Amino acid sequence: MICEALELEKGSLTMDDSVDTIESWDSIGHLSIIAVLDSLGVNTDQEEIQKLTSITKLVDLAKNKGIVED
Amino acid sequence: MIRKATIKAIEYYLPERVETNEELTQQNPDWMMQSIYSKSGISARHIASENETATDLSFHAANTLIQSSQIDKVDIDFLILCTESPDYFIPPSSCILQDRLGLPTSVATLDFNLGCSGFVYGLAIARGLIESGIANNIILCNSDTYSKFINKRDRTVKTLFGDGATATLISHTHEMTGLIQEFNFGTDGKRFHNLIVPAGAFRLPTSPETMKEYTDESGCTRSQNNLYMDGTSIFSFVISTIPGSIKSLLGKSNLTIQDIDWFVFHQASKFMIEHLVKKLGIDSQKNIMFLEEVGNTVSASIPMVLKEADKAGTLKKGDKVFLSGFGVGLSWANCILSWGKLL
Numbered sequence: 001m002i003c004e005a006l007e008l009e010k011g012s013l014t015m016d017d018s019v020d021t022i023e024s025w026d027s028i029g030h031l032s033i034i035a036v037l038d039s040l041g042v043n044t045d046q047e048e049i050q051k052l053t054s055i056t057k058l059v060d061l062a063k064n065k066g067i068v069e070d
Numbered sequence: 001m002i003r004k005a006t007i008k009a010i011e012y013y014l015p016e017r018v019e020t021n022e023e024l025t026q027q028n029p030d031w032m033m034q035s036i037y038s039k040s041g042i043s044a045r046h047i048a049s050e051n052e053t054a055t056d057l058s059f060h061a062a063n064t065l066i067q068s069s070q071i072d073k074v075d076i077d078f079l080i081l082c083t084e085s086p087d088y089f090i091p092p093s094s095c096i097l098q099d100r101l102g103l104p105t106s107v108a109t110l111d112f113n114l115g116c117s118g119f120v121y122g123l124a125i126a127r128g129l130i131e132s133g134i135a136n137n138i139i140l141c142n143s144d145t146y147s148k149f150i151n152k153r154d155r156t157v158k159t160l161f162g163d164g165a166t167a168t169l170i171s172h173t174h175e176m177t178g179l180i181q182e183f184n185f186g187t188d189g190k191r192f193h194n195l196i197v198p199a200g201a202f203r204l205p206t207s208p209e210t211m212k213e214y215t216d217e218s219g220c221t222r223s224q225n226n227l228y229m230d231g232t233s234i235f236s237f238v239i240s241t242i243p244g245s246i247k248s249l250l251g252k253s254n255l256t257i258q259d260i261d262w263f264v265f266h267q268a269s270k271f272m273i274e275h276l277v278k279k280l281g282i283d284s285q286k287n288i289m290f291l292e293e294v295g296n297t298v299s300a301s302i303p304m305v306l307k308e309a310d311k312a313g314t315l316k317k318g319d320k321v322f323l324s325g326f327g328v329g330l331s332w333a334n335c336i337l338s339w340g341k342l343l
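Protein chains in written order, with the working numbering: chain A, 1 to 70; chain B, 1 to 343.
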């Protein structure tokens, strides 16, 4: 879903990817990610949003919110 | 006899100069305007000229309204101007507008400072004045010139906001259709800094320091005298707060999403509106938009949609219309209308 949000080929993202490695992960891409999280029932506050700058951090958030398993 | 309030007429005015996405691409080749357009849904904005203020835009809209509705000026007893870009700090711009429109000196005028929630708040004020018997015919103007706050090198806001004004005639009626019905509101002042012009008023007066431009990590340039918007925070606020507030008003009115014929959201961006529509389970056919060629016109956006939809024959007498305005403040307001067909 994150690949789709960032208009990337499915499965192309790795745990090493971040705003620094993905060109489409700009402010517009970030909006798409927030929308994806929202559609999964994940509410993020302003502080959390600012910190979601890598795939690792996204996965950690998803685990904390119970969206994915460890 | 019970007094009720109805929207009788709406007119709008857009400045002559149109700024297209192509123009912005030529000026800023690195802005990826196609990508921005795919999210915003905005291809052009109208921009006020250097000497053209929000009061000027309101004048044109209200003048057209008076002519098209054929209301006698002596019958207008209240003029309300919602703007965040007044002519002066003092006096209120609505006073100046009274004189320019040639309204009688017996008319009441007031300015109020709200942005994207401003039309719905204005309807609430008007309804209260009419149902209490204080006023019979109210002109509500919603007008802003955000372009004058925006730094031309700030991609986050330059690509979104357009200037424009609407004038809405709200009158008393004894009929039971075509009414302004229920409202709910909300405010979160803790997040005021997410959409702000930091300097220029009294908390932080203009100075050489506030006029210094800086470029942020996304490459957008502005000074503290310019409009700043944290887009991701605003988006997050809207999608987390507004659906609940909409459901709350529907519940208060004993209605469901399916009972509403049309939804008109503040025209912030196509992406935001479409996400709200999907999240609320609204039939996308019931979502009316008017954004592409005018941009985000702040509190004028909702009444522009209503005018265009009525003109197109989309809105029919008796239709239940849900309005939702949200944004700067942070402030939000929803209301339900029973549509009465405009003059």
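The set of hints was computed from the structure by calculation and includes no laboratory data.
A quick note: this is a predicted structure, and the numbers were derived from the prediction, not measured.
All C-beta atoms in this analysis are idealised placements derived from N, C-alpha and C, irrespective of residue type, glycine included.
Hints may contain errors.
Said to hold, decoys possible - Only pairs whose alpha carbons sit at most 27 Å apart, straight line, appear in this in silico DSS-like list of lysine-lysine:
id	chain 1	residue 1	chain 2	residue 2
1	A	K63	B	K279
2	B	K190	A	K65
3	B	K278	B	K307
4	B	K279	A	K51
To be verified - Under 8 Å between C-beta atoms, here's a sample of chain A residues computed to sit facing chain B:
id	residue
5	D26
6	S27
7	H30
8	L31
9	I34
10	A35
11	D38
12	V42
13	N43
14	I49
Worksheet entry | Those earlier numbered hints the structure runs against, lowest number first | 12
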